[in-house]
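Go by the hints and put chain B with the ligands onto chain A.
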Amino acid sequence: MSASPKALLTLVVALGFLAVWFWGPPVWAQKTETPCEYPVVSAKIGEHCTVCGVALTEEDVALIVRGRRVPLNKEMVDTFLNDQEKYFSEKQPKGALFQEELQAPAGVAQGGISRGWFLFGLYVLAGLIGGGLSAYNAVSKGLRSIPYFFIGFFINVLGYLYVLTRPSQAAEGTIPAGLVKVPTTQAPSACPACGNTNHPSARLCAACGVTLRPTRQSEVARI
Amino acid sequence: MPGKQPQLSFGAKIKQPIVAVLNSGLFIIGDLAGAPVIKYAMAQGYEVIEHIATLPGAIGGSDPEVYDVVVIGAGAAGLNAALQAKERGMRYLVLEKEQIANTIENFPEGKWVYAEPDSQPPKGKLWLDGASKEDLTWRWHQIIQENQLNLHTMEGVTACEKKDSIFNIKTPRGDYRSKRIVLATGQRGNPRKLEVRGEERERVYHRLYSPRKYKNENIIVVGGGNSAIEAAITLSEQNRVFLSYRGSEFSRIFKDNERKLHEQIAAGKIEPLLNSNVVEFGEQEATLKINRGGSEETRRIPYNHAFVLIGADVPRQFLKALGLKMENEWEGSLWRSLVLTLVGFLGLWIFGGRFGGHAALGGLDLSILPSWIGILVWAAGLTGLVRFGLKGDRFAWLGLSFFVWYTVYGVKIGKGEEFWPYRDWGYKFLSFFNRPWSFWYTVLYTTLMTVFGLQALKRWGLDRKDKFQIWRYVSLLSFQWIFFFLVPEFLFQYAVKYQWVGEKLASDPVFAQQAWRSYGLIYAWPLFFYTFFYNPHQIWVVWGVLLTFVIIPVLVLFHGKRYCSWICGCGGLAETFGDRWRHLAPKGKRSIKWEWMNLVVLIFAAVVTVLVLAKDTYASIADPADLGIRLYRLIADIWLVGILPVTLYPFLGGKVWCRYWCPLAKLMHLQSRLFTKLKWSKFKIVANDKCIGCNECSRNCQVGIDVMNFALKQDVLDNQQTSCIGCGICVSACPMDVLSFGPLVQISSQPLSRQAA
Ligand SMILES: Cc1cc2nc3c(=O)[nH]c(=O)nc-3n(C[C@H](O)[C@H](O)[C@H](O)COP(=O)(O)OP(=O)(O)OC[C@H]3O[C@@H](n4cnc5c(N)ncnc54)[C@H](O)[C@@H]3O)c2cc1C
Ligand code: SF4
Ligand code: SF4
Ligand SMILES: [Zn+2]
Ligand SMILES: [Zn+2]
Chain A
1 MSASPKALLT LVVALGFLAV WFWGPPVWAQ KTETPCEYPV VSAKIGEHCT
51 VCGVALTEED VALIVRGRRV PLNKEMVDTF LNDQEKYFSE KQPKGALFQE
101 ELQAPAGVAQ GGISRGWFLF GLYVLAGLIG GGLSAYNAVS KGLRSIPYFF
151 IGFFINVLGY LYVLTRPSQA AEGTIPAGLV KVPTTQAPSA CPACGNTNHP
201 SARLCAACGV TLRPTRQSEV ARI
Chain B
1 MPGKQPQLSF GAKIKQPIVA VLNSGLFIIG DLAGAPVIKY AMAQGYEVIE
51 HIATLPGAIG GSDPEVYDVV VIGAGAAGLN AALQAKERGM RYLVLEKEQI
101 ANTIENFPEG KWVYAEPDSQ PPKGKLWLDG ASKEDLTWRW HQIIQENQLN
151 LHTMEGVTAC EKKDSIFNIK TPRGDYRSKR IVLATGQRGN PRKLEVRGEE
201 RERVYHRLYS PRKYKNENII VVGGGNSAIE AAITLSEQNR VFLSYRGSEF
251 SRIFKDNERK LHEQIAAGKI EPLLNSNVVE FGEQEATLKI NRGGSEETRR
301 IPYNHAFVLI GADVPRQFLK ALGLKMENEW EGSLWRSLVL TLVGFLGLWI
351 FGGRFGGHAA LGGLDLSILP SWIGILVWAA GLTGLVRFGL KGDRFAWLGL
401 SFFVWYTVYG VKIGKGEEFW PYRDWGYKFL SFFNRPWSFW YTVLYTTLMT
451 VFGLQALKRW GLDRKDKFQI WRYVSLLSFQ WIFFFLVPEF LFQYAVKYQW
501 VGEKLASDPV FAQQAWRSYG LIYAWPLFFY TFFYNPHQIW VVWGVLLTFV
551 IIPVLVLFHG KRYCSWICGC GGLAETFGDR WRHLAPKGKR SIKWEWMNLV
601 VLIFAAVVTV LVLAKDTYAS IADPADLGIR LYRLIADIWL VGILPVTLYP
651 FLGGKVWCRY WCPLAKLMHL QSRLFTKLKW SKFKIVANDK CIGCNECSRN
701 CQVGIDVMNF ALKQDVLDNQ QTSCIGCGIC VSACPMDVLS FGPLVQISSQ
751 PLSRQAA
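Protein chains in written order, with my numbering: chain A, 1 to 223; chain B, 1 to 757.
Don't read these hints as lab results, they were simulated from the structure. Keep in mind that a hint or two might mislead.
[To be verified] Derived, one-sided and incomplete: chain B residues facing chain A with beta-carbon distance under 8 Å:
#1 Lys193
#2 Ala312
#3 Arg316
#4 Trp471
[Unchecked claim] In the SDA-like style, the derived pairs of lysine to any residue whose C-alpha atoms are separated by at most 20 Å in a straight line are:
#5 Lys615/B <-> Glu90/A
#6 Lys170/B <-> Thr153/B
#7 Lys170/B <-> Lys111/B
#8 Lys111/B <-> Glu90/A
#9 Lys86/A <-> Phe419/B
Built from N, CA and C at the ideal position, the CB exists for glycine as well.
Only chain A is shown next, with the shape it has when bound in the complex (with noise of 0.2 Å):
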C-alpha cells in the first residue's frame, strides 16, 4: 500500500461516496418545513430575547428546541421559527472541532446514515484491533508484520487465532525470538592485558583472547 496511498485514498473515498448514495436515504431530503413542534414554556424575569436582546416578561414565552431554552419575546416567535439556524445558532457547537446539527433527527449528530454504516464502522474497530493484535503477536515470535496485520485487520479474531498457532521464527539478522535487546547503557571497556577497545558484555578480548569481566550483560536477554 505503500506503493499508491494516492491511489487507496481516492478508492476509499469514491467507495464512501457509492455507499452512501445507495445506502443510504438522505435525510434532509425526507425532511418538511417544521412547524413549531417545539414544547412551550413561559420565560423567568432576567431572560433575553434570543431574537432582539430585550429584557422578558413572564408575559414572554420560551421554546425548548433540542433540549434547550430559546427564551423569547412573544412577537418574536416566527422570526425566529423562520430563520432557526441563524438564531439557534448561539446555542450550539459550531467551529472546526464540534459540531451539531438542527436539521438532522433529533438525537443524530450529523447526517443521519444507515444502519450500514454502523456495521461497517464496528467491522473497521475490530479490524484495527484484530490487526494490531495480530501484527503485534507477529512481531513476538519475529514473523512477517505487514502480511498479518492485514490478514488480523480483514478477518480479526479468525486472523489473531491463526498467527497464535503460528510457530515462532527468526529472520535472518533478527535477535532471535523470544530474546530482548538491552541498551547499552556503558562506553566499552579496555583489555586489561593488551588494551584492545572490548565490548561491555564480552567475556574474551576480541585481540588477544585474554578472560575478561563483562561490566553488564549481553545485549540480548531472554524475556
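Chain B with the ligands in isolation, oriented as in the chain A frame:
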C-alpha cells in the same frame, strides 16, 4: 525515487534510501541521503551500483575518457559503492577530499563503533562489525588495498556540471568526465579548525560525545557559541574546565546557558579565558595568548583533553550548484501567491451569486456576471498556484493549502455564518447528497486519519517491528472510530431509543436531544469548550468535571501527556495525516519560547467559562460573556484549531495547534511539570551512551524537542524541561537504540524491554 527533487538540509535530512535527482544521473547516498548509520550507508552504496547497473548504457562506451561512474566521498557509502562498481566491471573513480573514511577517522580516539541496527546484516564488500574506530579503519584500508581501488585522496570535488548527458567534475587537480555520479559526501560538514600546531593530536577533539565519560580531568573548551558553552557546562560537572574564547564577552548565547555558565564560574568549576587565542596544543600543555587590554600574556595550561567547538563549514554552495534543494527553504513570491489565492476566492464569490451568495463590489453587483466567469477566474487563480508550486514556489503551495482549509472550515462554521466568499451559499453548496457539510467533514477527517494512519502504522510500527508504535496507532484510530463515529452517529441514539441509559434519562429531552455532547466523553474541557454551556444535563457536568479534574490528572501522573499521542483526535490527525511532514516542526529554543501562547488560550477559555457560568447570577456580565463565547469560537475554534494549523501541516508539521494553542495540552503540561517537580511522575526518556549525534530523534519529534541534545549529554528528558507528549517516535527512530522510556538500565540489573512504557 527518481523524478522527485530531493530536499536536503543539515541536521534535517531526507529519508529515501537512494535519491536520484530528476533522472539526471546524479545519485545521492549515505549520510547525505538520510542514512544515519554506517550499515545503512553501506547498504545504499551497494544498492545504488546495483541500480545503476540496470540502467541503459551503464557499463562501457566508446570514449575511454569517460567514466561509468565517479563516486564523490570515500566514506562507508562511497567505498562500498566503489567496491561494487569494481565488482560489476565499471570504469569508476573515487574522489575524496581528505583521507579515507574521514568522518570515522575524526571520531575520538578508541571510540567504539557500533554495527547497529542488529536487525540487518551488512551488505557489500566492506567489513562491518562492532569494533574500535582504529580497528575498523585498519580493516577498510586493507580491503581497499586488496581490491586496488581507483581512489584519489586529498582531492575534493569543487564543482560539477552536466553537458550533453556527461558530467564534468572539477577538482583542484584536474577535470574528470563521467556518465553518472554517486554523491556520498556525508553531511556532517567539516568542523571548523583553529589551524594551530598540535591540533591533530588525539586528545584534541572537534566534537563532543559522551561528556559523562570524563572525570576529574583538566579540560580546555575552545569557542563562544552555545554548543561550546553547553559542552563546558556539562563537562564542568565532573571536571575542571577552561573556556577559551577569542571575543571579549559571550554574546548571543541563550539565557539559560548564560545563567548556568555564571553559576559554574562562581563555583570555580569553569575558568573563562576571554580575549584568548590558542597558539599550540602541546604534549601536556596548551599555550594560549591572552589579551589583557593592551598587554599580552602567555599562559600554559596543562590539559587532558581539549574540545575545539567553533562551528562547522557546511557545503551548501556546492550542493546548491548541483541543483539540490535545501529542505525548508522558502523560495518564490509571497505576494504573487497572495494575489492568486485571492483571485481564486474572487472567482468563487462571483460563482456563488447563482446559489444565494451576494457578490457586490462598491455598489457593483457582481452576481449579474454568468457563473462560468466565476469558474474561469477561480480556475485561473488555482492553476496559477499549482503552476508556480510545481516550479518550486513554496508560497504557492501555502496559498493552495490555505485555500483548501479556509474553505473547509470557513464553511463549516454554519449555514448563514460562512466566511467570505461563501456567505449564504457555501454550506448549502457543500452539503452533497443532501447531507450537511459537517457530516462530509467528519467523513473526510476519518478517512484521512484512517488511510494515512495505516501508512504511519506501517512506517513506524510494522516496518520497524515496533510494538509500541503498533499499539499507539491502533489506539489513535480506534478512538477516532469509536468516539467520532460510532458513538455520536449511532450508539448515543440507540442508548436513548432502547433506553440503555434508563428510562428517565432517555425521556429527558435535555439529555436525549443533545447527542453532540457525547463528544465530551473523551474530549475534556477546555478542548471541548462547550462542556458547561448550553443547558448541559447534570450528568454531563459531573462527567466533565471528573474528566478534566480527576481522570486526566491521574493519566498525566502515570503517562505524562500521552493523551495527545494516544487518544485525542486533533493530535490524531497530526500523527497520521501530518506524519509525512513531522520533520518540519519548528525546532530550537526560539520555537519553544512561543509555547506560551497556549497559556493565553487556556486563560481565555477559563475566563470565558467563568463568565458564562456566572452570567445567570450576575446579569451585568451577560454581554461580556456572550462576546467572550463568540470570540473564542471564532479565534480558537475556527482559526487556531482549524484553518491555520491544518494549512500549515505541510510547512510546519502537524502539531502547530497541539503545541502552540491547545489549552488542554497546556493544562496537562502544567500538571505534568508539577508532578515531575514533586518527583511523583514516572514519565521520562533516558539515554545510554551510544548516541552518535545523527539527529534522527530531534528531526522526527513533532513537538520540536531537541532530543539529541539530551541524548548526547545523557540528560533526562521529562516534562519539567520539555513538552514531550510521549509518542515514542524518537525512541523508535533512533538507529542506535539509545533512547528508552522509564528508568535507566542498571548494570547487572534485570533486563528491560525497550518497549517498557
Ligand atoms: C561521533 C560519531 C560517532 C558515530 N558512531 C557511529 C557508530 O558507532 N556506528 C554507526 O553505524 N555509525 C556511527 N556514526 C555515523 C557514521 O559515521 C555515518 O553514518 C557514516 O560515516 C556515513 O557514511 P557516509 O559514507 O555516508 O559519509 P561519511 O562517512 O561522512 O563520508 C563522507 C566522505 O566524503 C568526503 N567528502 C566530503 N565532501 C567532499 C567533496 N566535496 N569531495 C570529495 N570528498 C568529499 C569526506 O571527507 C568523507 O570522507 C557516527 C557518527 C559520528 C559523527
Ligand atoms: S521527545 Fe520523543 S516522545 Fe517526546 S514528543 Fe518528541 S518524539 Fe515524542
Ligand atoms: S539519540 Fe538521537 S541523535 Fe543520538 S543516535 Fe539516537 S537518534 Fe541519533
Ligand atoms: Zn425579540
Ligand atoms: Zn586483549
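Now the hints, each set against the structure:
{"no.": "1", "hint": "Lys193", "verdict": "violated (26 Å)"}
{"no.": "2", "hint": "Ala312", "verdict": "violated (25 Å)"}
{"no.": "3", "hint": "Arg316", "verdict": "violated (31 Å)"}
{"no.": "4", "hint": "Trp471", "verdict": "holds (6 Å)"}
{"no.": "5", "hint": "Lys615/B <-> Glu90/A", "verdict": "holds (15 Å)"}
{"no.": "6", "hint": "Lys170/B <-> Thr153/B", "verdict": "holds (14 Å)"}
{"no.": "7", "hint": "Lys170/B <-> Lys111/B", "verdict": "violated (35 Å)"}
{"no.": "8", "hint": "Lys111/B <-> Glu90/A", "verdict": "violated (67 Å)"}
{"no.": "9", "hint": "Lys86/A <-> Phe419/B", "verdict": "holds (14 Å)"}
When the structure is compared with the earlier hints, violations turn up for hints 1, 2, 3, 7, 8 and for no others.
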